[in-house]
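Undergrad: Using the sequences provided together with the hints, build the complete structure.
Residues in the first sequence are numbered from 2 upward in steps of one, following my numbering.
A couple of the hints might just be wrong.
As the list claims (entries may be wrong) - Restricting the straight-line Cα-Cα distance to at most 27 Å, the calculated cross-link-like pairs of lysine-lysine (DSSO-like) are:
#	residue 1	residue 2
1	K111	K133
2	K111	K154
3	K112	K154
4	K17	K184
5	K185	K47
6	K184	K47
7	K133	K17
8	K17	K47
9	K20	K184
In case anyone wonders, no lab produced these hints; they're calculated from the structure. Keep in mind the model is a prediction, meaning the values are calculated, not measured.
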Amino acid sequence: MCGRFYLTAPPAEIRKQFKVQNVPALMPHYNIAPTQTSPIVIAEGKGRELHLARWGLVPPWSRDLSLGARMINAPAAALEERAAYSAPFRSQRCLVPANGFFEWEAHGSKKQPYKIAVRNGALIAFAGLWEKWTPESGDPVETFTIITTAASKLISEVHDRMPVIIAPADYQLWLTASPATAKKLLLPYASGLTITPISERVNNIQNDDVELLLPLSAP
DNA sequence: CCAGACGTTGTT
DNA sequence: GTCTGG
DNA sequence: CCAGACGTTGTT
DNA sequence: GTCTGG
Numbered sequence: 002m003c004g005r006f007y008l009t010a011p012p013a014e015i016r017k018q019f020k021v022q023n024v025p026a027l028m029p030h031y032n033i034a035p036t037q038t039s040p041i042v043i044a045e046g047k048g049r050e051l052h053l054a055r056w057g058l059v060p061p062w063s064r065d066l067s068l069g070a071r072m073i074n075a076p077a078a079a080l081e082e083r084a085a086y087s088a089p090f091r092s093q094r095c096l097v098p099a100n101g102f103f104e105w106e107a108h109g110s111k112k113q114p115y116k117i118a119v120r121n122g123a124l125i126a127f128a129g130l131w132e133k134w135t136p137e138s139g140d141p142v143e144t145f146t147i148i149t150t151a152a153s154k155l156i157s158e159v160h161d162r163m164p165v166i167i168a169p170a171d172y173q174l175w176l177t178a179s180p181a182t183a184k185k186l187l188l189p190y191a192s193g194l195t196i197t198p199i200s201e202r203v204n205n206i207q208n209d210d211v212e213l214l215l216p217l218s219a220p
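TA: Dropping the structure here:
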């Protein structure tokens, strides 16, 4: 699955990679957890916009935000079957910028965390869905979920699910094509990913520093 | 038709 | 809003 | 995903 | 053990 990721690229790089005009101030985040805020790229007219959104999809009919904590991932195969996902899959797809994500490998009762990224550490984009939720009083909140699929061969060495990664050439298709076309992009991404064991410090979401990404030193 | 729910993952 | 269950 | 909490009632 | 919060 994908229950934790990181985004460290500076705003200028995000603007260039995703061809968005407006980029809000962004700090690097090395340990993004569900319910936290991170930028998403959505289609707006003929262009794209970067919005800050809360991780965990909260549909507009939801009574409160709490549902979001259980809607952090949407399995690709269920997008058209689940009531909560079918509407946003048709009209509110998004890209979730990231420099990588984390998975935990179960080793008996112990769990070893790994970071997964492309070989050169470049920006990637997860396939996502977004919604706007409006409280009875107060400002609307935009929320998102990350679509998951079966792990690629490499990733399956540590975990059996992974987020869907969209290649830059397919950004526009994912954002604006028909659902039938968009569905074809929901494949395990396999080119150039690396898996690196890292410290268990990543377990605690209060740790958010560059050292989380260091390879675990050999014992 | 209306009422009621609306979610994923891993683990043993 | 939209799907499932009765 | 992991960490951390895990409870009710009445009152201001 | 299971749920909530981040």
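Undergrad: For each hint, tell me whether it holds in the structure or not.
TA: Hints, one by one, checked against the model:
1. K111 with K133: Cα-Cα ~38 Å, so violated.
2. K111 with K154: Distance ~23 Å between K111 and K154 Cα, so the pair holds.
3. K112 with K154: Judged against 27 Å, a Cα distance of about 20 Å means the pair holds.
4. K17 with K184: 26 Å, holds
5. K185 with K47: 22 Å, holds
6. K184 with K47: The hint holds at about 21 Å.
7. K133 with K17: 26 Å, holds
8. K17 with K47: Holds, because 17 Å separates the two Cα atoms, which is no more than 27 Å.
9. K20 with K184: 23 Å, holds
The structure does not agree with numbered hint 1 stated previously, though it agrees with all others.
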